[in-house]
Amino acid sequence: MNALKRTVLFDSHVKLGATLVDFGGWEMPVNYPSGMVEEHLYTRKKAGIFDVSHMGRFVISGREAVKFLQYVLTNNVLAVDIMQAQYTMIPNENGGAIDDAYLYRFYEDEYLLVVNAANIEKDWEHLNREIKRFDAQIADRSKELAMISVQGPESKNIIKKLFGSDFLTEPLKNALGILDYGGKEVLIARTGYTGEPLGFELFLSAGDAAAVWARLLDLGAMAIGLGARDTLRLEAGLPLYGHELGLDADGCEIPIFSCPLARFAVSFADAKGSYIGREALLKQFQGYQKIMERNFADLSDLKRIVRPIALTGRGVARAGCKVFKGDKEVGYVTSATMVPYLKTEGNGLESRITDEKAMRAIGLALVDGDIEPDDNVEVEIRGNKVAAVIAPYHLKSDAPPFARPIIYGVEAGRKFESAPDYRSKALNLLEKSLYNTRWRQSETINLIPSEQSHSPAVRLLSVMDPSFRYAEHKKTKSFYDYDVFYYQGTGFIDEVEHLLKEELKTYFQCAEVETRVISGQMANAAVFSALVDYKNRVNRKRDAVRLGYVLNNHIIRGGHLSAQPMGALRDYIAVDPLTEKTAVVNFPVEKDNNFKIDVEETKKIIAQYKPELIIFGKSMVLHREPVREIRKFVDEQGINTVIMYDMAHVLGLAGDYFQDPFAEGADIVTGSTHKTFFGPQRGIIAGNYRKEDHRYDLWETIETRAFPGSVSNHHLGTLLGLLMAAYEMNYFKDEYQKNVINNAKHFAKCLSDAGLSVAGDPSISFTETHQVIVRVGYGAGPEVANRLEDNNIIVNYQATPEEEGFTASGAIRLGVAEMTRFGFGYQEFEQTAELMADVILRNKNVKEDVRKLRGSYTNMKYCFTDDDVIKELEKLKSFL
Amino acid sequence: MKIVEGLKYSSDHEWIKAEGKTAYVGITDYAQHSLGDIVYVELPEVGAKISKNSAFGVVESVKAASDVFLPVSGTIIKVNEALTEDPALINRDAFENWMVQIEMDDPKELDQLMSASEYKEICIE
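First to last, the protein sequences are chains E and Y.
Mapping to this note's numbering: the first sequence position 288 is 288, numbers consecutive.
Mapping to this note's numbering: the second sequence position 65 is 945, numbers consecutive.
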């Protein structure tokens, strides 16, 4: 009889009193004295550590390493950048899985492949056989490298403390890092098998494993056995080889595409060429597409698919139980058990995870392709049929730092009361609006950086007669580009628009301005649309080629969502066929200040990718953008690119006190007109293309993508208001811009002196813009913002560059522009800083103090207030 | 390992507490410990007639389902509903938290079961 194999952590498990079992030939802990239920819940609430050293770790290198891996793995190896990982499968010729695996690229020329413990021999034999035809090598590092998984909301803090490092990896799934442990390298990956949004796997030298394991326990992690590892992955809907992959209950191969993660693990990129199982997989993929499109007529290409299943009746489903729909047997359960969860209280961001345990009987089932989420089915358990339902998923992790169990059938309801009859509804609406306006305009300190208040003149003009009208117009070549209007009664607006253009050209010192877009994101979309159109102007007889590569600020670094593939860029960005990812590359940031673009590293990226569009601009912004430096670089290198600056937040600061975008070499500036700029809520596109430029066609395309591309009615009311705002900006900008930036620096310093943690470079007083970022603790942003709102201080919570997403926000974002406009100066911002510290650090109630402070500052500055103007406003009011 | 005196024990790790013609039946501390966290309990219908050594219910852990056997023949007169709500009660105290109460067909069958000290011995091995 062969003795069971043991990992380097075996003694640690014994010392902890683990219950040991035979797992694929290894003597492993199935649970520790706390039990599987406790271990599962502790991982979800705090952090669990898992000895996964029994898994296989192979290193592939050599001249044809990539070629070899493209041949033996299902996924596209070219999509794995350095410091990235990827889920993949080792296929056989039939499109079944020999194993599922994870590929890690910690070094340029070396790939680490991690495989399941139970399949190590089989995988090793297979890979060694196939590698013979390639100039590549494979080494088994399973013994030298131990592997420990650390998963759960506390995992990041614990690992940071263990290694004394503030930076582990980028806050993105599959990101990698290399840490130092007593002079040795420890590889860290943001990967895991629990569905936790915060989770890491550590690869370390076998000799250090026991010490690191002990330290992790000291720092508050709990040791988790294979039992809870299984319930955690089951809840996350992740496949287990031997259940959802491999052989089915009848001993037949489960097609790879029956496993729902296949679409992330399988690639048909041309770059992969022919690989093991490609033909079979392609056929399966067609079957998968049919199922996803609900085309159930012919499921022969993919008969069955794995779906999450939840019992609605009493009982516990187990692997092997048959699934029925009516009398028809439609499949069987691949994995299932009773899984614990913690109940929550409250809704949305305010939901709180309680300590109250509950159980649910859930699992995964391999069922016919036409069985869909929400279908009611039955599971046969020991001869009895128990009611069940196909669930869309059991767990969601889009609200870090917690993975959230999703109980089938639960809906989060929202109710707003409404009066019984319409007259009362109308009255209530007016009363509530009055209350809301009075509150924000005289009782609160408004520090949301995207917001500004408008002058009475701007507000009133925005609702005068033009707000009911149309004035569509287009430059017509036949009339030497004279504007032709399609409506009557438009003489007034014609003049207004013309004057507005002139004012804005003066403001920006540029050649052209397009004012018909009605939001910042629309302005960006119109520019993207124009760039695609311009790119394809010579050949319109085929599908338009999209933009790529594009260089932007990643949303995590403060880039606005409109410049991301998730926002306006989505319909205009190309997919790079080599990597199968969107052709976007991000500005790298300085190591010591991740709010600042690293100019030297950016130059390298530009030289490598030669982006055709560079988008500067951020919505979390403390510094000027290096437009001048990059313009100089692309001109020197002869790189043909468009430099676009989405100034939205800082539009009102363009000039001597911040930066002059066109003077620095930007081609296009876009923005919303209502943040630091005094306007009503609209958008704007400015360009420096002169009629003589050979690129002037691009500008004209931008104009047509604004109208008729983006709008028909371009909201003439606010257009009129915007002209007054442009007058105000041009007249008062010197005083306003200087005061905003000085106030921001002073405010930042006061907040820091008051004991708060202010982000940015203290040597420049933290900021160069209207914004101040204050760190309040990981995940504490939303609660602090709420508490401040309860005290009439309005800020918004903000995820800083190290944080995973807005629900994990560890900071608040402040802007001084609005209160500067209401007359706040150094003293008032100092008082505000004190009040904020009272709320944030000492949990005091300062609502009355805030009201009093704001109450004395309700007169707006930087607008025309002489008697003649007031008289005209009164006359206008009488027309409401 | 907790073992209560005065009860009778089966080799399948059930205990039985006789009170005249009726008896309470549950699983032992040894059993709950080897099962681990109990996540589900299936109890019989009241009135069911179960013969000696036949399964009267199921106790399920995360990893497996285990039948529970009646040490003597009898009729179910009561089931412990609390276990439906909170199966982990058996883990907390296997002897306090009985599973069923039966009316025994033949109390003399109790003599074929083990005493506390006899049961203790089979647990040690």
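Hints listed in this document are in silico derivations from the structure and should not be mistaken for laboratory results.
Quick caveat, the model's predicted, so the values are computed rather than measured.
Do not rely on the hints blindly, as some may be mistaken.
The list that follows gives simulated cross-link-like pairs (lysine-lysine, DSSO-like), each with its CA atoms no further than 30 Å apart [unchecked claim]:
id, chain 1, residue 1, chain 2, residue 2
1, E, 15, Y, 897
2, E, 143, E, 160
3, E, 328, Y, 882
4, E, 357, Y, 943
Cβ-to-Cβ under 8 Å is the rule here; a few derived chain E residues that face chain Y [unchecked claim]:
id, residue
5, 37
6, 227
7, 231
8, 338
9, 582
10, 583
11, 585
12, 586
No residue lacks a Cβ here, since even glycine has one placed at the ideal position from N, Cα and C.
Consistency of the hints with the structure:
About 38 Å separates the Cα atoms of residue 15 (chain E) and residue 897 (chain Y), which puts this hinted pair outside 30 Å; it is violated. For the suggested pair residue 143 (chain E) and residue 160 (chain E), the alpha carbons sit about 26 Å apart, so the restraint of at most 30 Å is met. For the hint pairing residue 328 (chain E) with residue 882 (chain Y), the CA-to-CA distance comes to about 49 Å; that exceeds 30 Å, so the pair is violated. Of the supplied pair hints, the one linking residue 357 (chain E) and residue 943 (chain Y) holds, its CA atoms being roughly 19 Å apart against a limit of 30 Å.
A cut of 8 Å between beta carbons decides the hint on residue 37 (chain E): the least distance to chain Y is about 4 Å, and the hint holds. Below 8 Å, beta-carbon pairs count as interface contacts, and residue 227 (chain E) has one with chain Y at about 6 Å; its hint therefore holds. Given the 8 Å rule on beta carbons, the hint for residue 231 (chain E) holds: about 6 Å separates it from the nearest Cβ of chain Y. Proximity of residue 338 (chain E) to chain Y holds as hinted, the smallest CB-CB distance being about 4 Å (cut-off 8 Å).
With its C-beta approaching chain Y no nearer than about 42 Å, residue 582 (chain E) sits outside the 8 Å limit, and its interface hint is violated. Taking 8 Å as the C-beta cut-off, the interface hint given for residue 583 (chain E) is violated, the closest approach to chain Y being about 46 Å. At about 46 Å, the closest approach between the beta carbon of residue 585 (chain E) and any beta carbon in chain Y exceeds 8 Å, and the interface hint on this residue is violated. The interface hint given for residue 586 (chain E) is violated, since its Cβ lies 43 Å from the closest Cβ of chain Y, which is over the 8 Å cut-off.
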